[in-house]
Amino acid sequence: MAIRPEEAAAALRDIEHAERHSAVMYGYRRTSPHLILWGAIWIAGYGVSFFRLDAWAVWLGLVPIGIGASFWIDRGQTKSSRRGFGWQYATTVVVIFLFIFAVLSILNPTSDAQVGLLLRFWWRSATRFLECGAAQCAWQFLDSRLERLPPAAISVCRNTFCCGWRELGAER
Amino acid sequence: MEQPDPVIHQPARLKLMAALKALPAREQIEFMRLKATLGMTDGNLGAHIVTLERAGYLEIEKSFVGKKPCTRVRLTKPGRRAFEQYVSFLRDIVDQE
Numbered sequence: 001m002a003i004r005p006e007e008a009a010a011a012l013r014d015i016e017h018a019e020r021h022s023a024v025m026y027g028y029r030r031t032s033p034h035l036i037l038w039g040a041i042w043i044a045g046y047g048v049s050f051f052r053l054d055a056w057a058v059w060l061g062l063v064p065i066g067i068g069a070s071f072w073i074d075r076g077q078t079k080s081s082r083r084g085f086g087w088q089y090a091t092t093v094v095v096i097f098l099f100i101f102a103v104l105s106i107l108n109p110t111s112d113a114q115v116g117l118l119l120r121f122w123w124r125s126a127t128r129f130l131e132c133g134a135a136q137c138a139w140q141f142l143d144s145r146l147e148r149l150p151p152a153a154i155s156v157c158r159n160t161f162c163c164g165w166r167e168l169g170a171e172r
Numbered sequence: 001m002e003q004p005d006p007v008i009h010q011p012a013r014l015k016l017m018a019a020l021k022a023l024p025a026r027e028q029i030e031f032m033r034l035k036a037t038l039g040m041t042d043g044n045l046g047a048h049i050v051t052l053e054r055a056g057y058l059e060i061e062k063s064f065v066g067k068k069p070c071t072r073v074r075l076t077k078p079g080r081r082a083f084e085q086y087v088s089f090l091r092d093i094v095d096q097e
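Here the protein sequences line up with chains A and B, keeping their order. So for the first sequence, our numbering puts the first residue at 1; every next one is plus one. So for the second sequence, our numbering puts the first residue at 1; every next one is plus one.
Wrong hints could be hidden among the right ones.
[To be verified] To give an idea of the chain B side of the interface with chain A (calculated C-beta under 10 Å), a few residues:
#	residue
1	Val7
2	His9
3	Leu20
4	Glu27
5	Leu34
6	Pro78
7	Arg81
8	Phe83
9	Gln85
10	Ile93
[As the list claims (entries may be wrong)] To list a few chain B residues with every Cβ distance to chain A over 10 Å, as calculated:
#	residue
11	Thr41
12	Asp42
13	Leu45
14	Arg54
15	Gly56
16	Val94
Note that these hints are calculated values from the structure, not bench results. For every residue, glycine included, the Cβ atom is placed at its ideal position computed from N, Cα and C.
This is chain A alone, in the form it adopts within the complex (with noise of 0.2 Å):
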């Protein structure tokens, strides 16, 4: 059974492109009711908020709810597969704690306007890293057991907390 160099490559072509595809719809089945749900606390928290400026209690609520129902879907998702209890979530939701702690303890924001800046910023991060697709490298990052990630991936990453960095510093 002779393969030649042009079918060879032809089929490593097909394996990449089949590879990104199914890797490209998991990273959409796993991470899309998530960003349903914290859209839907998003857009309640920032509807109270547009109400009542003083409301910002409201996240109180809203922030440990939405961890839950994430706990509670990440749940129902591994119980389809045969992975264990999502540690991947765990850990990150322990490190995205920690970061917001660290970053309010040492910026220390005085007013609503400023939390609300914050938040707006990392909302956006978040957002532009899961649309880079960098959020799926780092689950397949995680997943493999430190495998692989693309460089630009990094690079896309970095630029997104610069931009982000300098736009909160020229509102403020």
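Given the coordinates of chain A, assemble chain B onto it according to the supplied hints.
Quick look at chain B alone, frame taken from chain A:
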């Protein structure tokens, strides 16, 4: 590897293995999702899955969600290894050019 693995060599099975390899280890995927991802018909996909299962490259799990049957497929360790060997076999051919 002197000769390509005849089980994986078939183009549809190769795509199927590639799609499963892209998922995290131990992750299962429903038959219907796999069908949508690969754009194959029920019969075609089912036949290839059975062939790969006989070779020990896939594991099939059948269950019921409510009253609806649900088939889930996952790549086994030997399957992952065989696929990686096949890919390196192809790379060797391309590199020798």
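Against the structure, the hints:
1. Val7: Since the shortest Cβ distance to chain A is 12 Å, the answer is violated.
2. His9: holds (7 Å)
3. Leu20: Since chain A brings a Cβ to about 7 Å from Leu20/B, closer than 10 Å, the hint holds.
4. Glu27: Status holds, d = 5 Å.
5. Leu34: Leu34/B check passes; min Cβ-Cβ to chain A is 9 Å, inside 10 Å.
6. Pro78: violated (16 Å)
7. Arg81: violated (14 Å)
8. Phe83: Given a least distance of 9 Å, the restraint on Phe83/B holds.
9. Gln85: Constraint on Gln85/B not satisfied, violated at 13 Å.
10. Ile93: At about 4 Å, which falls below the 10 Å cut-off, the nearest Cβ of chain A leaves the hint on Ile93/B intact, so it holds.
11. Thr41: With a cut-off of 10 Å, Thr41/B remains clear of chain A, as the shortest Cβ separation is near 17 Å.
12. Asp42: Holds: least Cβ distance 18 Å, greater than 10 Å.
13. Leu45: For Leu45/B, whose nearest Cβ neighbour in chain A is about 13 Å away, the distance exceeds 10 Å, so it holds.
14. Arg54: holds (20 Å)
15. Gly56: Since the minimum Cβ distance to chain A is about 17 Å, Gly56/B lies beyond 10 Å and the statement holds.
16. Val94: Label violated. Min Cβ-Cβ 5 Å, cutoff 10 Å.
Checked against the numbered hints above, the structure violates hints 1, 6, 7, 9 and 16; every other hint is satisfied.
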